[in-house]
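J.: From first to last, the protein sequence lines stand for chains A and B.
If you read the first sequence in this note's numbering, its first letter stands for residue 133, the second for the next number, and so on.
If you read the second sequence in this note's numbering, its first letter stands for residue 133, the second for the next number, and so on.
These aren't lab readings, by the way, just hints derived from the structure by calculation.
Model, not experiment: these values are computed from the prediction.
Mixed in with the good hints there might be a few duds.
Identical chains blur together in the list; that is why a pair holds if it fits in one copy or across any two.
[Said to hold, decoys possible] Simulated pairs of lysine-lysine, DSBU-like, Cα-Cα distance not exceeding 35 Å:
(1) Lys170 x Lys384
(2) Lys362 x Lys205
(3) Lys362 x Lys221
Number of protein chains: 2
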Amino acid sequence: MPITGVRNLIAVGSGKGGVGKTTVSVNLAITLARLGNKVGLMDADVYGPNVPLMMGVRATPHAIGERIQPIEKYGVKVMSMGFLNPGDKPLVWRGPMLHSVIQQFLRGVDWGELDYLIIDLPPGTGDVQLTLIQTAPLTGAVVVTTPSDVSLEDARKAIHMFQQVRVPILGLVENMSYLQCPHCNERIDVFSHGGGRKTAEMMNVYFLGELPLDPAVRIGGDSGQPIGLKPAPDFEAIVRQVERRAAEESVKKGPTVQIED
Amino acid sequence: MPITGVRNLIAVGSGKGGVGKTTVSVNLAITLARLGNKVGLMDADVYGPNVPLMMGVRATPHAIGERIQPIEKYGVKVMSMGFLNPGDKPLVWRGPMLHSVIQQFLRGVDWGELDYLIIDLPPGTGDVQLTLIQTAPLTGAVVVTTPSDVSLEDARKAIHMFQQVRVPILGLVENMSYLQCPHCNERIDVFSHGGGRKTAEMMNVYFLGELPLDPAVRIGGDSGQPIGLKPAPDFEAIVRQVERRAAEESVKKGPTVQIED
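Only chain A is shown next, with the shape it has when bound in the complex:
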């Protein structure tokens, strides 16, 4: 069942955690908004919701009638478990609880008219992913990996998962691709390099680009001032590819016809 008013529903996933999935989600959302789109960002990582910290927003959403109002920051409408469960207390929940929260976030939040709703998935191939895929018509998925073999191993699993359930892969991003030493400007391949492109070619999915392991990206996230707030040509190139691939996949699906009484 489509989400009324939402044109493109894009999931950002990874097999492995800590590869920069939330960083990519946040900066993708902010950049899309900066380029003139109406954008929402749904933090579906209910166990480790880092979106509020990275977006620099701590607030309690209120409801109008039965609709939860998302929090707006940097031109993006944001919803996160971190708003409802702030602080350091963990949610120790089993799968069925997750299912109902994800449903609430998709259907019970007043997203309004959106060109893009970006969903920051938790890592892995578990309950949240299944629920989303089974209940919402995803335009496609962006898969994030680092160039390390361990991360690529899990990225291949995530790609297979999306393909098994017929979610189009918009493309693969290689994050933490290399580091430029701030002292001597030499390049350091901390997590190796190039495995993202090779994996994309091997699995016949689109390669969206490389993002360097730049301490400025981490500082932006830790301080609630994501790098996407300022023009960043490398990242904008990736965002343009995501827009183009989403449009391609939307065309393939054709128009959605809803027949009502």
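Given the coordinates of chain A, assemble chain B onto it according to the supplied hints.
T.: Quick look at chain B alone, frame taken from chain A:
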């Protein structure tokens, strides 16, 4: 219910993925074995089991009678979902399936007599963590984080989770603490620095030490030749602390008396 023959059951966890939890688990197990202990390593990250790749072992365990035989490598008895589901096909399972696999791994594997069984948890505070904590008497947990605020936010959640369910925290490890540029030898604080120690002090848990962001660690993991195979004084110091803390917590618990007919 204790696991027969296993003296210390240590879980390695993190709030966030990709912080080096599996790297710490693998090298902790190998180093404990190198120091003369009988050691098992159970990969409980069923969605993204990276232990086989890091240990450089691909094999299919066989059963003797009803007991699954673990695979031995580098003096460590290893069991992983990666042995049973090799290749890139993901497991798209809901919570209850996980519960039964974890039970099988704990009770159905022929671990024999072990000084330490190290359990590499999946990231977060979900189904696998709950099942383990509720069904096995953990000696304690090692929590891994990077120094970034985002990772520390999730580490605090993991510590709270273990404390809520009365699992002793053996201590906190700060991984990817800094990088020494291989070109100019200057130090680069890629993911910031020092937040692990501060967080440990703030939460009144033991700080086990810092591990640098060393490309050699990643290469060791990607190639199945973990750094723990060779003497590494920094890491050994951390392992000694884990041993000491496990002994402390075992004493607190007192001897286990089993009364049988």
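J.: If the cutoff is 35 Å on CA atoms, where do lysine 170 and lysine 384 land: within, between, both or neither? Let me know, please.
T.: within (22 Å within a copy, 57 Å between copies)
J.: Check lysine 362 against lysine 205 for me: Cα-Cα at most 35 Å, and say if that holds within a copy, between copies, both or neither.
T.: within (15 Å within a copy, 50 Å between copies)
J.: Treating 35 Å as the Cα threshold, decide for lysine 362 and lysine 221: within, between, both or neither.
T.: within (33 Å within a copy, 39 Å between copies)
The earlier numbered hints are all upheld by this structure, with none contradicted.
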